[in-house]
Every structure is written in C-alpha cells, then in structure tokens.
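Given only the sequences and the hints, what does the whole structure look like? Please build it.
Here's the letter readout for the chains.
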Amino acid sequence: MGLRHKLSTFRIGGVHPPEQKLSAMVPIAPLPLPRMVTIPIVQHIGKPARITVQRGDSVKTGQVIATHDGFVSSNIHASVSGKVGIIEETMDSTGFKHIAVNIRVKGDEWDESIDRSDTLITEITCEPKEIVERILAAGIVGMGGAAFPSHVKLTIPEGKHVDTLLINGVECEPYLTADHRIMLEKPNEILVGIRILMKALGVPRAIIGIEDNKHDAIELFEKLLGGQTAISVAALKVQYPQGGEKQLIQAVLNREVPSGGLPADVGVIVHNVATTFAVYEAVQKRKPLIERVVTVTGKDVKTPSNFLVRIGTPVIDLLNAAGGVPEDAGKIISGGPMMGKAIADLEVPIAKGTSGILVIPEEEAKRTESYNCVRCGKCIEACPMGLEPYYLLLLGRKGSPEKAEAEHILDCIECGSCSFVCPSNRPILDYIRLGKAEVRQSKAPKV
Amino acid sequence: MSERLLTISPSPHIHSPLTVPQIMRVVILAMVPALLFATWQFGLGAIYVSSLAVIFCVLSEYVIVKYLFRKSTTIGDGSAIITGLLLAFNVPSNLPWYIILIGSVASVGLAKWTYGGLGNNPFNPALVGRVFLLISFPVQMTSWPEAHPVWTLDGATMATPLGLLKEGLRAGRTVPDIMGELPSLTDFILGLRAGSLGETSGLALLLGMAYMLYKKVITWHTPVSMMLGVVLLSGACWLYDPTHFAHPLFHLLTGGVLLGAIFMATDYVTSPVTQRGMLLYGFCIGILTVLIRLFGSYPEGVSFAILIMNAFVPMINKYVKPPRYGAKPSTQKH
Amino acid sequence: MNDIVLYSVISLTAIGVVSAVVLYVVSQKFHVHEDERIAQVESVLPNTNCGGCGKPGCHAFALAVVETGDLQALHCPVGGNAVMKQVAGIMGVQAVEKDPYIAVVRCSGSFEYRKKTNVYDGAASCAIAAQLYSGDTGCAYGCLGMGDCVAVCDFGAMYMDEKTGLPVIVEDKCTACNACVKECPKDILELWPKGKKSQRVYVACLNEEKGSTARKECAVACSGCAKCLEACRYDAITLVNNLADIDADKCKLCMECIEACDVRNIIATHTTPDKIAQATEHRLKREEREKKKKQEEKEKLANETNHGTTA
Numbered sequence: 067m068g069l070r071h072k073l074s075t076f077r078i079g080g081v082h083p084p085e086q087k088l089s090a091m092v093p094i095a096p097l098p099l100p101r102m103v104t105i106p107i108v109q110h111i112g113k114p115a116r117i118t119v120q121r122g123d124s125v126k127t128g129q130v131i132a133t134h135d136g137f138v139s140s141n142i143h144a145s146v147s148g149k150v151g152i153i154e155e156t157m158d159s160t161g162f163k164h165i166a167v168n169i170r171v172k173g174d175e176w177d178e179s180i181d182r183s184d185t186l187i188t189e190i191t192c193e194p195k196e197i198v199e200r201i202l203a204a205g206i207v208g209m210g211g212a213a214f215p216s217h218v219k220l221t222i223p224e225g226k227h228v229d230t231l232l233i234n235g236v237e238c239e240p241y242l243t244a245d246h247r248i249m250l251e252k253p254n255e256i257l258v259g260i261r262i263l264m265k266a267l268g269v270p271r272a273i274i275g276i277e278d279n280k281h282d283a284i285e286l287f288e289k290l291l292g293g294q295t296a297i298s299v300a301a302l303k304v305q306y307p308q309g310g311e312k313q314l315i316q317a318v319l320n321r322e323v324p325s326g327g328l329p330a331d332v333g334v335i336v337h338n339v340a341t342t343f344a345v346y347e348a349v350q351k352r353k354p355l356i357e358r359v360v361t362v363t364g365k366d367v368k369t370p371s372n373f374l375v376r377i378g379t380p381v382i383d384l385l386n387a388a389g390g391v392p393e394d395a396g397k398i399i400s401g402g403p404m405m406g407k408a409i410a411d412l413e414v415p416i417a418k419g420t421s422g423i424l425v426i427p428e429e430e431a432k433r434t435e436s437y438n439c440v441r442c443g444k445c446i447e448a449c450p451m452g453l454e455p456y457y458l459l460l461l462g463r464k465g466s467p468e469k470a471e472a473e474h475i476l477d478c479i480e481c482g483s484c485s486f487v488c489p490s491n492r493p494i495l496d497y498i499r500l501g502k503a504e505v506r507q508s509k510a511p512k513v
Numbered sequence: 003m004s005e006r007l008l009t010i011s012p013s014p015h016i017h018s019p020l021t022v023p024q025i026m027r028v029v030i031l032a033m034v035p036a037l038l039f040a041t042w043q044f045g046l047g048a049i050y051v052s053s054l055a056v057i058f059c060v061l062s063e064y065v066i067v068k069y070l071f072r073k074s075t076t077i078g079d080g081s082a083i084i085t086g087l088l089l090a091f092n093v094p095s096n097l098p099w100y101i102i103l104i105g106s107v108a109s110v111g112l113a114k115w116t117y118g119g120l121g122n123n124p125f126n127p128a129l130v131g132r133v134f135l136l137i138s139f140p141v142q143m144t145s146w147p148e149a150h151p152v153w154t155l156d157g158a159t160m161a162t163p164l165g166l167l168k169e170g171l172r173a174g175r176t177v178p179d180i181m182g183e184l185p186s187l188t189d190f191i192l193g194l195r196a197g198s199l200g201e202t203s204g205l206a207l208l209l210g211m212a213y214m215l216y217k218k219v220i221t222w223h224t225p226v227s228m229m230l231g232v233v234l235l236s237g238a239c240w241l242y243d244p245t246h247f248a249h250p251l252f253h254l255l256t257g258g259v260l261l262g263a264i265f266m267a268t269d270y271v272t273s274p275v276t277q278r279g280m281l282l283y284g285f286c287i288g289i290l291t292v293l294i295r296l297f298g299s300y301p302e303g304v305s306f307a308i309l310i311m312n313a314f315v316p317m318i319n320k321y322v323k324p325p326r327y328g329a330k331p332s333t334q335k336h
Numbered sequence: 479m480n481d482i483v484l485y486s487v488i489s490l491t492a493i494g495v496v497s498a499v500v501l502y503v504v505s506q507k508f509h510v511h512e513d514e515r516i517a518q519v520e521s522v523l524p525n526t527n528c529g530g531c532g533k534p535g536c537h538a539f540a541l542a543v544v545e546t547g548d549l550q551a552l553h554c555p556v557g558g559n560a561v562m563k564q565v566a567g568i569m570g571v572q573a574v575e576k577d578p579y580i581a582v583v584r585c586s587g588s589f590e591y592r593k594k595t596n597v598y599d600g601a602a603s604c605a606i607a608a609q610l611y612s613g614d615t616g617c618a619y620g621c622l623g624m625g626d627c628v629a630v631c632d633f634g635a636m637y638m639d640e641k642t643g644l645p646v647i648v649e650d651k652c653t654a655c656n657a658c659v660k661e662c663p664k665d666i667l668e669l670w671p672k673g674k675k676s677q678r679v680y681v682a683c684l685n686e687e688k689g690s691t692a693r694k695e696c697a698v699a700c701s702g703c704a705k706c707l708e709a710c711r712y713d714a715i716t717l718v719n720n721l722a723d724i725d726a727d728k729c730k731l732c733m734e735c736i737e738a739c740d741v742r743n744i745i746a747t748h749t750t751p752d753k754i755a756q757a758t759e760h761r762l763k764r765e766e767r768e769k770k771k772k773q774e775e776k777e778k779l780a781n782e783t784n785h786g787t788t789a
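In order, the protein sequence lines correspond to chains A, B and C.
Residues 67 to 513 in my numbering are what the first sequence spells out, letter by letter.
Residues 3 to 336 in my numbering are what the second sequence spells out, letter by letter.
Residues 479 to 789 in my numbering are what the third sequence spells out, letter by letter.
Errors might be hidden in some of the hints.
[Claimed, not checked] Label-pair ranges, simulated between beta-carbon atoms:
hint	chain 1	residue 1	chain 2	residue 2	range
1	C	Lys753	A	Val138	55 to 63 Å
2	C	Glu708	A	Phe162	31 to 39 Å
3	C	Lys674	B	Tyr64	51 to 59 Å
4	B	Lys218	C	Pro534	43 to 51 Å
5	C	Ala755	A	Phe162	27 to 35 Å
6	A	Gly327	C	Asp513	47 to 55 Å
7	C	Glu640	B	Phe314	54 to 62 Å
8	B	Ser145	C	Tyr485	28 to 36 Å
9	C	Ala538	A	Gln507	20 to 28 Å
It is worth saying that the hints were derived from the structure and are not from the lab.
Don't be surprised by glycine CBs; every beta carbon is placed ideally from N, CA and C.
Dropping the structure here:
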C-alpha cells in the first residue's frame, strides 16, 4: 500500500457506523428462477410506465411489458418468460400498493435481439444519441437506490457544461456488498460502460470513487487502467454518507453542488457502478435491465450472499436461498441499514433499485428509549449538509413550513446520520421528513 | 419463522452506541481522577461532601419528578449524579451537610426542574447551586481547608491563591511580591493549593478531558477556546504591567478555570450547539472570567462568567450557524 | 433631609406630568379608528381561536363579519346558531340558520376486526406513519391509531379508545371546528350534519378494495356488496370505488339500511334497537311486496305473451 496517496473525503459532517460487510468475499451467484414474478410498474422516480400486455399474454424474457410515459419515466421489461397473470395493486418495497404485473414463469426463453454471450465487446460503435436511446429502451435507472431514470441524467440541461463523469463505487451503506462484487467480477465491462457514458456525455475524464475498505477493487481498477489518464480511481476514506452524490462530488473534486441545484451545475454527472454495468449490457448486448445483484445479509443470516436476481422475484426466495429467514428476525430491510425501507411482507418483489435485503435480529429491531434533546450538537456535527437537525425536528413537529424552509430543510438528503448519532435517541429524521413534506405541500399550487 | 410480527420504522435502522446514560457514565468516570486527588489532598471530607451532594441531588430529582411532575423517574439518565458531583467539585471540602442540601435543592429544583428538567434548563444547574450558596453562605463557601494535610480533618482553613492575590493587591503590594508567598506553577499543575474540592489538580482534570475527548463525549472547541480567552486577556494585561497583573499561566491554573472549561462550560444543555458557537462561547467565558478576576470585587469569576454566557446561548444558537453544504452559488465558469 | 423629600416630590411630579403629556399626544396622534362592532362581535364569539370558521382566529372572523356583513359565508361552527343570531343582531342583519355539524369516525377497524400485520416503531405520529407506509394492518385506508386527531382537538372532544384503538368523539363537546378532519392523514374523520335529535347514519369504512380483499384485511370492511343501496328508498346511498357512500342530505334516517349490511358497519346514532328492528321489518315487508309485485308482473307479462302466441 506504499503507493497510496492521502485519502480524501467530504468535509462537512459524516459518521462511521460499523461496516459489517459480511458478504464481501462471497462471489455473485445467480438465483434459480422463481415460479412467479411480480413486476411493479413504478420502480423509478417519475411517472408510472404504461402497461402494454394483458392477462393471458405470453411474454419472453426481455420483452417490454410497460413503456415509459413521458421523459422522466422508464420502460419495464418481463424479467422471465411465461404467461402474464393478474395485473393488480400489490404491496411493494415502498410500503405502499402499486399496480404490478404478475408473470407465471415458463422456461426461460429470451427475446432474440439480446446477446446472451459472455464475450466482452470493447468497441463502442453507437453514436451518443443512439447510446441514450438504447439506455432509455433498456429501462435503466439508478441502481444505487434512488432509481432515477439514467437517460435523463445523460441529457445535460441547456447551458450547463459537464467536464467530469463520476462513477460511484463507494457503497457506504453498512452490510451491502453488491457494488463491491460487481467491481471485482465485472471490471472490464464497467470500464467499457464508463467509456460509453463518457461518449454519450462528451466528457474528457471519468473518476471512479471507491472507499478504502475495498482495497481489492481499487487495486484491480488501477491495474486494469495502467497509466491511462482519462479514467482514474479515487480512493476515499471510509465515511458515511460518501455515496451521496453531493458528498461524493465534494470528496473527489472538492466542488459543492449549490443548494437546490444538480451535479450538472458544477460540471459533474454521477452514475453508480451497477448502473454502469447495466449500461454496458444495454448498449453492447442490447440487454434490458431485467436482473440485478442483490446482497442478502444480516448477523444471523446463515450464508450472507450476493445473488444475481431477476426483477420481480419475491424477497422470500432470496432469504430462503441464503439459508432461510433467521429464527430471531425482527426487522427486514430492503436496502441498507441507514437509508433502506423496512418491509413487513416477504412476498414483496425485488425492484430495480433494491441493492440488498438485510435481516436485523429482534433485539436490535426496536428503537430504544428516547430522552429530551440535551442540545449536544452531535446531529449538527454529523449532518453532511451542514444543517441543524435538532431544530428541524422541532420545526417539522410544530408544522412551521416557512421557518423550516428558511432553515434549508429541503437540502436534507435523508441519510439518517442525525438519528444515528442522537444520544437521546430522538426520531430526528422522522420529523424532518414530515417537515419536508409540509414544505413541499405549502409550495405546491393550491387546488 | 415464528409468529412474531416484523417491525416497521423509518430509517435509519441502526444507532450509534453512544446514548445519554452512556455519556453520563463517561463524564462521571472522567471526574474520578479529580475526585481521587481531592481525597488525597483534602482527606475524607472530599468523599463526604461529594457523596452527600450526589445523594441530595438524586433525592431531589426523585422527589420532584415523582411528586411534583408525577412522571416516571429520570434518575436513570445519570444527570442528577453529575450535577451532584459538579456541585461538590465547586465547594470547599469542609462544607456542612445542610448547606450541601440547600445547594442540591437549588441545583436540581430551582435551576433544572423549574424549566422542565434535563434539556430545558438555560443555566448550568451545578453552577446555579454554587452561586446560590456563595451568595447565601459567603463565609462557609470561602473558607477553604488547608491543602495537603493528608487524611486529617482539622479545622484549619486558608485562602486560595486568587484570594491572596486580590487581598495583596488591595493592600497595595505588587504581584511579584505576592507571588513569592504562593506555591510554584508546578504545584499549581499538580494541585497543591487551597481551593474548591475538585478544582485544584490541573493534571487530574486534564486527564478527565482527555478521556472525554477520546470517547467523543465532548469536542475540544469549548475548553480550548475558554482557556485561550483566559490566557490571551490575562497575558495582554501581564505584558502591559507585570507588577499589577499576574502571569497568564497563574490565571489558567488557579481557581476554577480548568474545572470550568472541562466540566462546566461543556455541559451540553447550557452551551451552544454548533462548533463555531462553542468557540465564541468558550472564548467569551475566558474573557469574562479574567475581567471579573482583575476588575471585579470577587477574586474568582469562572462561575459568573459561565452563567452570564449561558444566558447568551439561545442567541448564539440563533445566529451562529454551521458551515452549510452548497451555501455558495455555483462557481462553475461557463 | 427635607431637601431630599422636596426634590424627590418635585422631580417625580415633573416626570409624571411630562409622561402624561407625551402619552396623551401619542395616543391622539396614533389613534386608530376601529369599528366598535368588531369588538362587540368578538365579545359574543366563543374566543377559542380554533380556526373552525376558516379564519385564523376569532378577531379575524369578527373583522371579516364587519367588513363584508355576509353571514351566509361566515359562520362560527363552535358558537352555532345561537351566537350567529347575536352577531346578526349586532350587525343589524337577518340571521342565517345553519344546521350544526359534528365529526364522525369513518373507520370501525378495531383491534378485534383488523389484525395487525406488523409493528410500527417510528415516532408516534399518524402523519409520519402514513408517509412511511400503508399502515400496521392489512387495510391501507384505516385508522393508524396514534391519535394525531386527539392531540389537535382544542375542545377535549376526542379520546383514543384503548380497547379498539380508534378515536371517539365526545358528542356534546365537539364543535365541528374541522381541526381533526384536516389533521388525519387517512381522512378518517369527516364532518357530518348533526341530525335531528342527533340522529346520524353513516358508513364507518373507507376501504376501496374489492370485496374479498377488503374483508381479508378487516372483518367489518365495506365490501361494496350494494345491499344497502337496494335497501334505501331514497337513493341516498351510492357505490363509489367499491365503497358505499351515504348522502347525508338525502338520508331520511329511516334506518332501513342498518341491518341490510352484512357486517353492520352502517352506524346509526341515538336510535334504539327497537327502531332499527322495526325499520328492518318494514323493509323486509316492502321487499316482499315488491318481489310479489314483480312476480305478478312477470306472470302477467308471461300470460300476455302466451296469450299472444296462442292467438
């Protein structure tokens, strides 16, 4: 490690929860096909997709079953082949019911246009416009969790100049290892993906940001890149929430996205590594986003694993494949422990943005006793946006949207660092979310 | 899986191990070196006064919460124990029990629960108790037992170095003249001098601070800026006229500066929430302390300085904001 | 000694005189003329500042009354017709009588009927839970049971029933101020005409799922079976999104629908079991008659056609 330069990180706030990367050494294994998949038509930020199939239709793997409705929306594909079953409102990992298409699995017949071979195609023949079209067609969304449609991010707003593509390989959430494994197992594909994104954006350089707890990935990329200058690796000090777009930009480039602005305002576009791999597959292999790597983990999970899973597979199948639901499971989370969503129903399907399934034992599932705020200021110290969470809690609870907005409540990225550190165990983020909703509501046009 | 229902709550789903009771335990542990030193220095009186203060404070808290507020007991959070210990640290080790009782009731009852308990009190409870006693029982509160009679409990008392300095200056003597009769700086660092129970040993207090810093219970901002305030102002005066003003290190190491900087000014509830605010707050306490010492009628000013700055904390919290991400508009050149 | 007394008296008198002059001048110069009726109206208002009238407080309401004089649009639900009559008297206009309203709880999903499917462990606020997910039971429409409505009630007119987990309205305290209605994230609470002799009939369910799903989620959910629609003689009940909805204006409080509901989830207040039984009997007889009538008509029609074909 002698060559390692000083590690950079973001400057404001941050916490360091125990990393718990239990499945970091477990290679990605494909999960056997489920008997039935449930594919929600809202798996992204934006408008729901429009369903194009009917009950009883036969579909092939990779076939479009719902098309994007408007620009900020995304295509949805059949992740298996079989017969379309009931189309109805179904509980998904958001905690609410959404329309979803059920497909009864029959064989595994893929759409003919998809190249299913493993050969690496390095030559990029597509023109930028075609690249964006293929990404749109493949229904690719941000796979780090936010699920923002990727083609939108590749369309730089008028008047903005982007000079850097940042690839987010940080995976700062404890427990999760899906991105780490992809970087180790598909580095060449990711590098081609990066070049595709660079070509689409017309940017001269790309930087892969990776936290220092993934030495092997950093070294692997450095070795593969050799002396190449257009693409480089930035090793980052382990600190949560470095995977947040704004924090990553500050850590790697020392730029700050202005309040209320986008990364493009400071000349940066950020894509996640898993998304980059999906871009490679979409553009070079014409393969839509029908499967993803999901970490199944937890202290009492028998075999913490990284599975390659078809979208729409029920969570219970993944847990069973990892040794069954632990006896003392108290809480099951879709995503990581800091920002993931607790789910109550194990039949909910894996979506494009599901990066992990985490099982928390009963004794750690419940929050502990909460005390008065002692104004220790730890939440302020921890807040990566430089806000005053203890005060935002009060404003959110009191329902004072004007004051809350003046305190920049909308800058909050909901990383949970404040609630994590609060020694009085106060539900800080709970009330900040409420406050944010109130501010948005008060700003929305009155009906 | 068993029939148990799964739990649902908003994220985050994990929590840092540092909780309020945990923090209180760390602070109590951090006070142990100073307490041990006080016992060695002032004898069993130190233990006697400390235990009484802790018992009285906890009892007051229990009675007030149970019979006035009719809520479940709050003793578990440990804050009453700390208030008791801090009160004891701020009084002479030969204080009679009834004065300790009055101080404890003033601390917990008057300063804390009239405002609604932990988290709501604007002033540091132990300091309110201390000042309450100082005004009510000026003689007992300023009759310090002589330093260094190990394991004895005779009635001999003596003045503190700061008291001696003030007396001397009033009598028209010069600082170097008075200093000749006082213990050396090394003695001050070790704590071989008269004073309140827990304030004498700089070394023991700094040990406590190191522990709290290591455990991330406090940050350096308040103590360091307060010490800096003391050293800067007293240093400037000393440079101006060394015959009338004592050496800055003398000011730093005597009286309650270290105790105040490390254990009193860092009290979460009554200090600012932002690090910038803490710097301002600490620095102002330092300046006020020296001002009171040099120009006020009391020889010592730490308690008053902290209480005065406590009153400014809401204002500091309102106007001193943390550095915010993205506060500056875009700097990109198009 | 005398000097001190003298000086004190003189100086204090001087200060007093100067202050009095200043105060007088200022009060004259900055006097704001206010319609005295504003104060009068305000004095007869309940002065609870609940905001139930749509104004931020009683003063604002009084101001609006005096400014517009429109008692059709401005009504104090808390004071009701008695207070509005006084207000009309002050304003010298005709009083407008309005039917009093009251809040009703449109969910019957008690612990017994609606089984928990998970344990909520976030901040104890319905608003936060509603933002997070659809709720701790299968029903996404039901009461979340953390009492945001109770907390917001200024009149002590609500409490949470520990046995059912649902809020209860204290009838003689509820002023129909609308605070709970606005607060509830699931819109469980609704203002309903208080009704003659406080009699009200409403569906205590908001579940819009299809029948079988709804019943799986809650034993007393409205399944949209439409039996109550048939039972109603006044077309007061409609079915919207698998949910029966009673139009309070059309409802004649005949109580005939009450026992038509399989799960008895049409709530009737201030009535007696006898009256309901009577109404049911009445309805059954009527239905019998109608059935017979239909039968006869059918037979008649059949006869006619038969007759026609044979002819």
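Which earlier hints can't be squared with this structure? 5, 7, 8
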